[in-house]
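> Fit chain F to the supplied structure of chain S, relying on the hints for placement.
Taken in order, these protein sequences are the chains called S and F. With the numbering used here, letter number 160 in the first sequence gets 1323, and the count goes up by one each step, no holes. With the numbering used here, letter number 212 in the second sequence gets 236, and the count goes up by one each step, no holes.
These are computed hints drawn from the structure, not numbers from a lab. Even for Gly, the Cβ is constructed at its ideal location relative to N, Cα and C. Keep in mind that a hint or two might mislead.
[Unchecked claim] Chain S stretches covered by chain F per the calculated footprint, using a threshold of three residues with CB under 8 Å from any CB of chain F:
#1 1203-1209
#2 1242-1252
#3 1265-1274
#4 1281-1294
#5 1382-1389
#6 1398-1412
#7 1428-1436
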Amino acid sequence: MTRPAVLDRAPEAPARRRPTERRWMWLRLLIALVIAVIILVPLYWMVVVAFTSRAELLGGSFRLWPRALTLENFRRVFDNYPVVAWFGNSVAIAAVVALISVTASMLGGYAFALLRFRGSSTLFLVILSTLMIPVQVIMVPLFNLVTGLGLYGSYWAVILPTAGSAFGVFLARQFIIAIPRDLIEAARIDGAGHGRVFWSVVLPLCKPLLAVLFFMNLLQTWNDFAWPLIALKENALYTLPIGLLYLQGQFGSDYGGTMAFALINVVPMVVVFLAFQKYFVQGFARSGIR
Amino acid sequence: MTSPVTTAAATAVADPAGTQPAGGGRRARRRTSGGAGETAAGYAFLTPTLILLGVFVLLPLGGAVVTSLQRTNGFGSGSFVGLDNYARLATDSLFWRSTLNTFLFTVIVTPVAMAIGLGAAVLLNTVLPARGLLRSILILPMAISGVATALMGLLVFDENNGLLDKLLGFVGLPTVPWQSGGTAAFASVVLVTLWWRLGFNMLIYLAGLQGISPEVYEAAKLDGAGGWQRFRYMTVPLVGPSTFFLLIMNVIYSFQVFDLIFVMTGGGPQNATSVLVTYAYDTGFVTRDQGYAAAIGVVLLVLMLAFTAVQWKTSRTRDQVG
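The shape of chain S in the complex, shown without the other chains:
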């Protein structure tokens, strides 16, 4: 009667599988491998180009691996551009957005999941519908607003318009609604206010959700492009994707330098993502999005 963990459902015992199914397994493995190769080839090629010398790239000979690995592309990028500052900007902005956004999403999710109040379903729909508003639709007045508030060109010009997350509120509501009602009622009967129920009962049960929300926001902000492109004016305040575009414009067809910088942009999130991906499936599965 014990249920396997959500993620790692135990495979069926091999003895129960018929030989035909085992034959099919190789076909399925083959298909999966083909998809995996298609996913990996561009990534592999990015790494190869980033570590290939400029001379060899310009030589135009086509090789699937470089004659010699070199760091000269990275050196050139670091020498010519404030890469460290851009990296720091990205970290700071993504971290602050993720913190604000997770806090707001959890509080909002709690309200929609557990509190009955006038206008709650209308508000919920309004909040969900903001998902549908592309930043390009509102960029002109948003730009004017941010400028009017004296924020244009600062970190906050990126952070504040990015930190509200309808998706986060939605996910939090779905997750919190699945928490057994009795627990909350029991705490309420013991005299706990909503602040206390939120902090002492709901939050401790929401660890996979917190992980999902935090990393979804981190990822999204780290990779965000359209709004930071508009909101940041000074070179020194750029985030990595904006820097990447700027550098591509400056470097032109210097694919080695561009890809070296792209790696600096990509690798941190890939590492974080791989470390936390099991929470992603869990968080979504338990949020009832299925």
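For chain F alone, coordinates are given in the frame of chain S:
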């Protein structure tokens, strides 16, 4: 007191019956409406979200509607021109081209991305060697920024130095003008999008498949249902809520596609890949015709709302999501 409560809750949460959102929602709805205290608490908890979304999304949205009725370059106050900007759209061939491209992109990418995502999820939910590693690889593109993805796309689809044309040439096939041919450029953007989005679609379907009890399949197998029958009449309906969620998300993402096109093609060649979002950006921030840009944005939003409303109305599984 905390520890036994937590354990009990953890067990309950791990039990799929307890996680059925529809059941939870119904239970919640049956409760009597809260009093004034609960209303106050509700709004207090929502304050951060309401401020952030209200001030930085809804307020500018109102501003966008107002701006769309003006002629303005963003400096100083504009002049009110009524519906002139919208009338101009009707005769603007680039606008129609961008609208058509946006629709084409959405209509092609959404079903294909979902089909591949479902296929991959089913594949990687079965007994397979190195299943965990394969899952990680397929999900990986989710972590990569649109700009980096687009640059990788250029690396693969570049006409002179691109990997793909070199490979095609190597095996003796004719090369494809991925950057100068309109259809080919559009195809390259679609292909890169599919590559980028496979992981998300697979992830959500995987989460959906985890919720299906294996016993259901065992029963069907005993009743003699074949593999395809089990997929068609069990898997597909059972992941219905995931499908609905993904349909909405894919349509939203497709309507809003920007990074990839902006970096890979810039809307070219000859506007073959121009979509409403890139057109609005160019109009608002390059030619600085901001009233007109706002009008394009409003049309885009209306189209999205209509699209989503139709999906909402025609879906039978939405209640299990919302």
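> Determine which of the earlier numbered hints do not hold for this structure and return their numbers in increasing order.
Of the numbered hints, just 2 does not hold.
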